[in-house]
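*Asks:* Below, each chain spelled out in residue letters.
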Amino acid sequence: MTTTERPLVLPGDPISPDLIPSSTSKPLRLGPGLRHVPPSDIVPVVAGQLITNHQKNSMWVEYNNNRYIPTPGDLIIAQILRSGPDLYFTSISPYTPPATLPHLSFESATKKTRPQLAPGALVYARVVLANKHMDPEIECVSQSTGKSDGLGELKGGMVFDVSLQFARRLLMAKSKEEGKVEVLELLGGEGLVFEIAVGRNGKVWVGGEDVKAIVVVGRALRETDEGGLGVEAQRKLVRRLAKGMK
Amino acid sequence: MTTSNPTLAIPGQLLGSTSRYQPGPGTHIHNHNVHASLMGTVHIAQPAKAPGPVKRLTKITPAPAPAELPTISVTVPTRSAGSDPAGQKKREVLPEVGNVVLCRVIRITPRQAVVAILVCGDTVLDAEWQGLIRVQDVRATEKDRVKIYESFRPGDIVRAEVISLGDQANYYLSTARNELGVILATSEAGNAMHPVSWKEYRDPETGLTELRKVAKPY
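So the protein sequences, as listed, match chains Y and V.
Read left to right, the first sequence gives residues 1 to 246 (the numbering used here).
Read left to right, the second sequence gives residues 1 to 218 (the numbering used here).
Isolated chain Y (complex conformation):
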């Protein structure tokens, strides 16, 4: 991914035309934070860094906020609030209407063999429907293939809150180079055994056998996020925590 300069933009700032990737073959794709005002204006609606990708002919604004807005296709961690007829009511972000998760939306679930989730249980799910007119809907099985692909109930473990940008960095394909997040690999290198599920709504679930390992991982994640630590600082943090464990 080739990225050029990343200017800071404020809502309503004009964007100079030389920043807009102009490829004649592909249509220009606008990501989050930008709005197209016909006929030819592109206006940022949030404050952040303007990122352009000339290969994919797309541009978006990278901004950090703490309010998650559901989008179809996102993987999130949801908590079951209660069970209704044919569906569970789940919370994906606080102070918002609950998202609905159908009872049969799990891998190979029928009316008799479906998983019974109690209030307070955690699920790793994908957002199906999210628009401004209706409450969001999530699913734990892929609609087309019928397989869960890792979605479903998260048993045991603990959930930690992180900022949305940190969750996005963790979920990047090349989180080490692009997201500058190495802390998880380093902790694994120190010999801790744990498993991770990252939700785009700012939640990270850490599971495993060893409670101390889970707590250490959670602390490392929180300190990396709140401190805005770079790769070098992450290494120092991991060394300090590993020493504290022994």
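Fair warning: there could be bad hints in the mix.
Simulated pairs of lysine-lysine, DSS-like, Cα-Cα distance not exceeding 27 Å [as the list claims (entries may be wrong)]:
hint: 1; chain 1: V; residue 1: Lys143; chain 2: Y; residue 2: Lys111
hint: 2; chain 1: Y; residue 1: Lys147; chain 2: Y; residue 2: Lys112
hint: 3; chain 1: Y; residue 1: Lys147; chain 2: V; residue 2: Lys143
hint: 4; chain 1: Y; residue 1: Lys111; chain 2: V; residue 2: Lys147
hint: 5; chain 1: Y; residue 1: Lys112; chain 2: Y; residue 2: Lys155
hint: 6; chain 1: Y; residue 1: Lys212; chain 2: Y; residue 2: Lys243
hint: 7; chain 1: V; residue 1: Lys143; chain 2: V; residue 2: Lys199
hint: 8; chain 1: V; residue 1: Lys147; chain 2: Y; residue 2: Lys147
hint: 9; chain 1: V; residue 1: Lys143; chain 2: Y; residue 2: Lys132
hint: 10; chain 1: V; residue 1: Lys199; chain 2: Y; residue 2: Lys132
hint: 11; chain 1: Y; residue 1: Lys132; chain 2: V; residue 2: Lys147
hint: 12; chain 1: Y; residue 1: Lys212; chain 2: Y; residue 2: Lys180
hint: 13; chain 1: V; residue 1: Lys143; chain 2: Y; residue 2: Lys112
hint: 14; chain 1: Y; residue 1: Lys236; chain 2: Y; residue 2: Lys174
Derived Cβ-Cβ restraints for the label pairs, each shown as a range [as the list claims (entries may be wrong)]:
hint: 15; chain 1: Y; residue 1: Asn66; chain 2: V; residue 2: Glu128; range: 38 to 44 Å
hint: 16; chain 1: Y; residue 1: Pro97; chain 2: V; residue 2: Glu96; range: 34 to 40 Å
hint: 17; chain 1: Y; residue 1: Pro27; chain 2: V; residue 2: Leu211; range: 19 to 25 Å
hint: 18; chain 1: Y; residue 1: Arg235; chain 2: V; residue 2: Thr209; range: 48 to 54 Å
hint: 19; chain 1: V; residue 1: Arg134; chain 2: Y; residue 2: Pro97; range: 19 to 25 Å
hint: 20; chain 1: V; residue 1: Arg20; chain 2: Y; residue 2: Pro97; range: 57 to 63 Å
Beyond 10 Å from chain Y on every Cβ pair, some chain V residues (computed) [what the hints assert, rightly or not]:
hint: 21; residue: Thr7
hint: 22; residue: Arg104
hint: 23; residue: Ala116
Just so you know, the hints here were simulated from the structure itself, not pulled from any lab data.
No experiment lies behind these values; they were computed from the predicted model shown.
A virtual CB, placed ideally from N, CA and C, is assigned to each residue, including glycine.
With chain Y's structure known, arrange chain V on it following the hints.
*Replies:* The following block gives chain V in isolation, referenced to the frame of chain Y:
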């Protein structure tokens, strides 16, 4: 007839028994009696065929069939001069089963769309009645795979048919015919859209299409 018929009636006034009169507009039945519902003048319409004596084999004569009873009705006289006593003020029109109505979508949920009924037939209603379009009444085919978000949006004007008078809060409506569905839709950008097919509307300014259950234009 032993009792004299009152010419002026107030709501609740006893007009006669159901064995003697059939209730018409402006009256209702309570405890086998016909009472007035409105304040106005009483009119009795004689039935088309007067019940005459019929030769019967037995002496037991059945009670007159309802079609043979005179119809008693209460009408509110109009204020304009020169109106005939039987002239009726334009009465409030209520949607009946089978009427085609125009309504505006208020709210959508995954199982139904809540609408406000604005026009019944050709008459604009004084009060807005609330109606429901359930997800299985949106289309005639593939009823279980209907997505409300791809059929209606809040603010759309929909032509629908009343299928049931429903309960205290809602009429039940259906759009399961070709000529029923969304007739006026506004895009996300705020422009009025033109229909392109049975399931798409298109914004002429931005060129984006949105999914709706489109009514076939006449």
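*Asks:* All hints, please: hold or fail.
*Replies:* A quick look at each hint next to the structure:
{"no.": "1", "hint": "V/Lys143 x Y/Lys111", "result": "holds, 21 Å"}
{"no.": "2", "hint": "Y/Lys147 x Y/Lys112", "result": "holds, 18 Å"}
{"no.": "3", "hint": "Y/Lys147 x V/Lys143", "result": "holds, 25 Å"}
{"no.": "4", "hint": "Y/Lys111 x V/Lys147", "result": "holds, 22 Å"}
{"no.": "5", "hint": "Y/Lys112 x Y/Lys155", "result": "holds, 21 Å"}
{"no.": "6", "hint": "Y/Lys212 x Y/Lys243", "result": "holds, 13 Å"}
{"no.": "7", "hint": "V/Lys143 x V/Lys199", "result": "holds, 15 Å"}
{"no.": "8", "hint": "V/Lys147 x Y/Lys147", "result": "holds, 22 Å"}
{"no.": "9", "hint": "V/Lys143 x Y/Lys132", "result": "holds, 24 Å"}
{"no.": "10", "hint": "V/Lys199 x Y/Lys132", "result": "holds, 21 Å"}
{"no.": "11", "hint": "Y/Lys132 x V/Lys147", "result": "holds, 15 Å"}
{"no.": "12", "hint": "Y/Lys212 x Y/Lys180", "result": "holds, 25 Å"}
{"no.": "13", "hint": "V/Lys143 x Y/Lys112", "result": "holds, 25 Å"}
{"no.": "14", "hint": "Y/Lys236 x Y/Lys174", "result": "holds, 21 Å"}
{"no.": "15", "hint": "Y/Asn66 x V/Glu128: 38 to 44 Å", "result": "holds, 40 Å"}
{"no.": "16", "hint": "Y/Pro97 x V/Glu96: 34 to 40 Å", "result": "holds, 36 Å"}
{"no.": "17", "hint": "Y/Pro27 x V/Leu211: 19 to 25 Å", "result": "holds, 21 Å"}
{"no.": "18", "hint": "Y/Arg235 x V/Thr209: 48 to 54 Å", "result": "holds, 51 Å"}
{"no.": "19", "hint": "V/Arg134 x Y/Pro97: 19 to 25 Å", "result": "holds, 21 Å"}
{"no.": "20", "hint": "V/Arg20 x Y/Pro97: 57 to 63 Å", "result": "holds, 59 Å"}
{"no.": "21", "hint": "Thr7", "result": "holds, 56 Å"}
{"no.": "22", "hint": "Arg104", "result": "holds, 14 Å"}
{"no.": "23", "hint": "Ala116", "result": "holds, 16 Å"}
The structure is consistent with each of the numbered hints, conforming to all of them.
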